[in-house]
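Protein chains: 2
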Amino acid sequence: MKEKVGFIGLGIMGQGMAHNILKAGFPLTVWNRTAARMAPLVGAGAAAARSPADCAAQTTIIITCVSDTPDVKQVILGENGVIYAAAPGSLVIDMSTISPQVTQQVAAALAAKGVQMLDAPISGGSEGAAKGTLSIMVGGEASQVERARPVLQAMGQKITHVGGAGAGQMVKLVNQIVVVGTMLAVAEGLLFAQAGELDLDKTIEAIAGGAAGSWMLSNRGTQAIADDWRPGFTIDLQQKDLKLVLEAAASLGIPLLGTSLIHNLYRTLQARGLGQEGNHALLKALEYLAGRRGGD
Amino acid sequence: MKEKVGFIGLGIMGQGMAHNILKAGFPLTVWNRTAARMAPLVGAGAAAARSPADCAAQTTIIITCVSDTPDVKQVILGENGVIYAAAPGSLVIDMSTISPQVTQQVAAALAAKGVQMLDAPISGGSEGAAKGTLSIMVGGEASQVERARPVLQAMGQKITHVGGAGAGQMVKLVNQIVVVGTMLAVAEGLLFAQAGELDLDKTIEAIAGGAAGSWMLSNRGTQAIADDWRPGFTIDLQQKDLKLVLEAAASLGIPLLGTSLIHNLYRTLQARGLGQEGNHALLKALEYLAGRRGGD
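Protein chains in written order, with the working numbering: chain F, -1 to 294; chain D, -1 to 294.
Just chain F, with the same shape it has in the complex (with noise of 0.2 Å):
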């Protein structure tokens, strides 16, 4: 039997997914706050719900990807959510980056109804989204990993079951607080090469292919020394995403000298009012903080 899918949450992420997941073949309900974002979805053939009820009660598989841990909350447990109409036996895929402890919560508050979930953050931005390229980090059982896989496929290269509920999320953090530290990494470099009068671009090249070598080098670095500061991740999400990693290790006990600099470090930037620029702005912040660079 085919699964019936159902997608709440059509952001800049979620339209470039449900469009693959469209393509992929699978019939799909969609739902999403503002309404008006449904209709290029249905104008290539997804059906419409009324409510994120609405949406369970026609589906097998529901996937969620909306903003943080109250959206989840409210689309899936609050009023007309999706736990009021979902059948016994239907699952639902959690794509969101949102807090791994409220991730078991809702995880449990589903299963007293019979329905599964999975937690299945994704990276790879929204030209990964738009292009089913995504690297999607899943926690959850494992023959619901199975059930998923092909609806998965339809949106992501990389699926890596990585353990039980919660656990999706759990790697998501570990994947920002490396992201972010590798920023910081390339924009102390960066910074250190501007001060010493460096050709940028040459740094770069003689470094890459080495021990300092990573994605953020190669694609945030480059970017940042070209002066472009469009966001593939902005700063405003990458710190919602710090708060959670900040939040779950004040939780587990263990401090993190380097993320919450970093945390502190693009404080500044938003104080500065360009929360909206790329997270490889950091160098921006190191520049402020070195006086080297005037007000924008």
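Hints may be right or wrong, so weigh each one.
Any copy will do: because identical chains look the same in the list, a pair fits if it lies in one copy or spans two.
Restricting the straight-line Cα-Cα distance to at most 20 Å, the calculated cross-link-like pairs of lysine to any residue (SDA-like) are [said to hold, decoys possible]:
1) Lys129 - Gly207
2) Lys129 - Ala22
3) Lys200 - Ser141
4) Lys156 - Leu198
5) Lys129 - Leu250
Just so you know, the hints here were simulated from the structure itself, not pulled from any lab data.
These numbers were taken from a predicted model, which means no experiment stands behind them.
Dock chain D against the given chain F, drawing on the hints supplied.
Relative to chain F, chain D alone:
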């Protein structure tokens, strides 16, 4: 005219590099402070010099590859140093990692005798030195870089002319900033993953292909989670290079918050007698800090 090559400093890097110069067919004269280290090269066809000056007297390109700034000053400007016997028109290539400022002073002293100099520090470790696959970052005059290229190509795969005198050293320091910063990013991610009881292999597998990906994650991260602390590059050598970084940053007047933190974290490992472990043992420093690792 084929250049006659001199090689001063047959340590863990210099051994492999000098052998590769011989293999490429250059006449080679070697000198090393500990004379016994010259034997394998002499066995392979090199001549042994009696001093750095003697080495310079017999050659047209004199390579130095020693430990630290004072060692370079000693073999080039000190008693029986290269400067006292190098013929006008000959070329000194310093492949050590040392102070960019001292590099410029040494280059000026040599220039006053009509001797050219390039700074050409390397990355790629002892394995790269043995295999001839080093990355070489070269500072100095373009015509001398072209002159040196056949000899450099015997030792390295990627040779980048990055700027004038001292620029090679500066780019090498950028490399070190980015290397240790990326390692801190990886270490914080892994500490968080450990504390969250994630499967560490699966965690790295899930994130290494995306924006979190780096050479340090794929190589040193995997080594760290296998509890394998053998050095690709030792903490003691890393600290020597970070000292150069922080001195240069101070003279340039820029703060390096991340790099300073890392220098201090490595110091906690040196204080525990772990200076000969690899630089990826930064993870251990975080584990000690978090109370997650007992005394070694």
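Cross-check of the supplied hints:
For a Cα distance limit of 20 Å, the shortest separation of Lys129 from Gly207 across copies, 16 Å, qualifies, whereas the shortest one inside one copy, 27 Å, does not. Within a single copy, Lys129 and Ala22 get their C-alpha atoms as close as 13 Å, which meets the 20 Å cut-off; across copies the closest is 48 Å, which misses it. Proximity of Lys200 to Ser141 under the C-alpha cut-off of 20 Å is restricted to the inter-copy arrangement: shortest distance 18 Å between copies versus 50 Å within a copy. Taking the shortest alpha-carbon separations for Lys156 and Leu198, only the inter-copy value of 17 Å comes in at or below 20 Å, while the best intra-copy value is 33 Å.
Proximity of Lys129 to Leu250 under the C-alpha cut-off of 20 Å is found in neither arrangement, the shortest distances being 36 Å within a copy and 44 Å between copies.
Hint 5 alone, counting from the list given before, is not met by this structure.
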